[in-house]
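The listed protein sequences correspond, in order, to chains A and B. Throughout the first sequence, residue numbering follows the numbering used here, covering 1 to 248 in sequence. Throughout the second sequence, residue numbering follows the numbering used here, covering 1 to 312 in sequence.
Hint data in this document are derived by calculation from the structure and do not stem from the laboratory. Computed from a predicted structure; not experimentally measured. No residue lacks a Cβ here, since even glycine has one placed at the ideal position from N, Cα and C. Treat the hints loosely; a few may be bogus.
Below, a list of computed lysine-lysine pairs in the DSS-like style, where the Cα atoms sit at most 27 Å apart [claimed, not checked]: (1) B:K101 x B:K85; (2) A:K64 x B:K85; (3) B:K101 x A:K64.
Calculated Cβ distances over 10 Å to all of chain A for the following chain B residues [claimed, not checked]: (4) R4; (5) G18; (6) I22; (7) A94; (8) K101; (9) I111; (10) I120; (11) R124; (12) A140.
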Amino acid sequence: MIPGLHVHQLHKRYGSIAALADVSLTVREGEVLGVIGPNGAGKTTLFECIAGVLPADSGTVMVKDQPVPGPDRGSHLFFMPDGIAPWASQTVGWALDFTVGFFGGDAARLAGVIERLHIEPLMRRRAGTLSKGERKRVLLAIAMLTPQPLMMADEPFDGLDLRQSREVGTALREHAAAGRTVFLSIHQIADAERVCDRFVLLSAGRVCGEGTLDELTALARARLAVDDAGRRQGADPNGLEEVVLALT
Amino acid sequence: MASRSWWVMLLLIGPLVGMAFISAVRTYGELSGVNGTVAGVGEAFSPLIGIWAPTFSACELAAAFLLPFVTIRLVSGDRQSGALKLELQHPMPAMARMSAKAIVLLAAWIIASLPPLLGIVLWRLYGGTTYAPELTAVFAGHVLNAGLTVALACATAAVTDHPSTVHARSKHVARAEADRGTRRISRRISTASSRSNMSLAASQGPAGTALHRIRTCSRRTTRSFVLPCRARGPLGQDRQHQLFQRLRDRFEVTTRYSPCAKLHFCSSVFLHRLPPSRKRRRLAEALAEAGGHSRPTTRGSSCWSPIRAAQS
């Protein structure tokens with residue numbers, strides 16, 4: 001088995017709605033993996049169940065072939081949720097220092113992360129007064145300062161403009177190149193295509209495909225309907241956007 | 001330090017304690033002084049009852065009405081902002097996490113308890129006497145009371161989603177409640193924190209009753225077990241005498257009365273044995289000693305009082 005994190009047959013229901021149904025996937029060490037899917041596909045639920053923040057109905061999360069119960073996953077991975085505004089009455093500088101101290105992050109990386117995500121002008125501002133994009137960059141900085149080998153971020157490009165999206169994408173790639181595994185939930189296909197090494201396509205709580213762009217393209221081609229004469233119906237999927245449309 | 005509700009509590013607890021302390025000192029002086037002076041302060045009454053009970057009662061008010069807000073803001077605020085989702089990912093035992101929050105809240109409470117401690121300093125500067133064990137007991141009791149409030153507020157905050165006004169949430173609660181009466185009440189409650197406080201208020205009664213029962217039961221149980229062990233058979237007359245002698249050696253009871261109380265005591269206990277003429281004379285002497293000018297009546301001496309004497 002490939003070293004990394006394995007999710008095996010994860011199930012989660014909200015009443016009569018199946019948010020996750022038999023979800024299995026693998027996060028390989030040192031890669032940038034992106035979960036792509038439409039709204040309501042179950043991306044956030046999947047991340048919360050993997051992180052142990054939300055209890056799953058069934059299924060296992062394994063690290064190095066060993067099942068890890070929810071409360072113990074904090075030592076293997078860090079999950080940054082979307083749409084949160086933690087420690088709103090504290091300054092950004094305090095929040096970053098607290099993250100390093102509380103989670104045992106590397107204080108030497110602090111200056112580099114601040115510079116890479118352009119957070120220096122925000123350091124003395126209260127976290128509750130930041131705009132959506134500024135808050136997103138601060139949350140990503142918090143996630144990048146944590147010491148766990150796997151970093152999960154829900155919608156890291158949400159609220160960022162084009163320039164910031166590109167800069168954050170580059171920062172995430174550099175972060176992964178420095179030896180950390182990055183697992184992202186994205187619904188902006190262009191950003192996902194630029195940042196991620198592999199993709200997991202999720203739709204209606206089910207995994208529709210997993211692999212690199214080439215592997216998913218081949219899968220999409222294979223699933224295209226074939227007529228009686230043996231000819232494929234519809235054009236060949238070209239690019240991640242068409243692959244996603246074809247498979248989800 | 002960044003909690004606004006804590007700063008509000010700090011701002012309010014100062015005037016509350018100050019007002020309680022000043023009125024307690026004034027009442028203490030008025031009641032125990034002689035002829036409107038402050039002579040005898042510290043002798044007639046115990047400062048525990050006269051000063052510290054009313055002064056620390058302001059802390060009781062703060063613990064009931066202000067501390068729950070601080071606690072609810074801390075617990076529910078973390079849930080609402082998402083900070084709890086980050087904190088939960090630290091591989092720390094749940095008990096350690098809860099203990100850390102409880103210690104922080106109790107530390108905040110102890111800082112907020114500085115005004116009554118300042119009252120102790122002021123009391124010493126006024127020339128009053130203090131007894132460290134009783135003050136420590138009062139302070140520790142109020143810290144324990146704050147701990148109970150913190151625990152109940154944490155429990156109620158844990159079952160609410162949002163610490164601030166969410167009308168939609170109250171509508172949701174109203175829909176969820178099957179009972180019509182409960183639904184009507186839920187519609188009126190527009191804030192989640194109000195619901196927390198209602199739960200807190202509702203749970204404090206049973207908790208207090210339970211604590212009282214536990215204390216009474218434990219006391220009875222202790223007595224039931226300890227007294228038969230100590231008695232070792234029926235007490236003879238010699239042993240009774242020895243026991244009373246030992247008690248007399250160990251305990252010294254000093255009773256001091258204010259002049260008015262002395263008069264009332266004399267009139268109600270001793271004067272009924274005297275003939276009317278001597279009774280009248282003794283009362284007049286006692287009143288003159290206390291600064292009174294009126295002639296007291298000898299009828300119904302058991303209910304004689306300086307106020308009635310002044311009226312007559």
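Consistency of the hints with the structure:
Straight-line distance between C-alpha atoms of K101 (chain B) and K85 (chain B) comes to about 15 Å, which keeps the hinted pair within the 27 Å bound. Of the pairs offered as hints, the one joining K64 (chain A) and K85 (chain B) holds, with about 25 Å between alpha carbons and a cut-off of 27 Å not exceeded. The hinted pair formed by K101 (chain B) and K64 (chain A) fails the criterion: a straight-line CA distance of about 34 Å is larger than 27 Å. With a minimum CB-CB distance of about 7 Å to chain A, R4 (chain B) fails to clear the 10 Å threshold, and the non-interface call is violated.
Even its closest Cβ contact with chain A, about 28 Å, leaves G18 (chain B) beyond 10 Å, as expected for a residue assigned away from the interface. At roughly 34 Å, the least C-beta separation between I22 (chain B) and chain A is larger than 10 Å, which holds for a residue marked as non-interface. Interface exclusion of A94 (chain B) from chain A breaks down, the closest Cβ pair being 8 Å apart, not more than 10 Å. Residue-level check passed: K101 (chain B) sits 14 Å from the nearest beta carbon of chain A, beyond 10 Å.
Once the 10 Å rule is applied to beta carbons, I111 (chain B) is consistent with being away from chain A; the minimum gap is 18 Å. Separation of I120 (chain B) from chain A is adequate, the least Cβ-Cβ distance of about 33 Å exceeding the 10 Å criterion. The Cβ of R124 (chain B) sits about 38 Å from the closest Cβ of chain A, beyond the 10 Å cut-off, so the non-interface label holds. The Cβ of A140 (chain B) sits about 32 Å from the closest Cβ of chain A, beyond the 10 Å cut-off, so the non-interface label holds.
Going through the hint list in order, the structure does not satisfy hints 3, 4 and 7.
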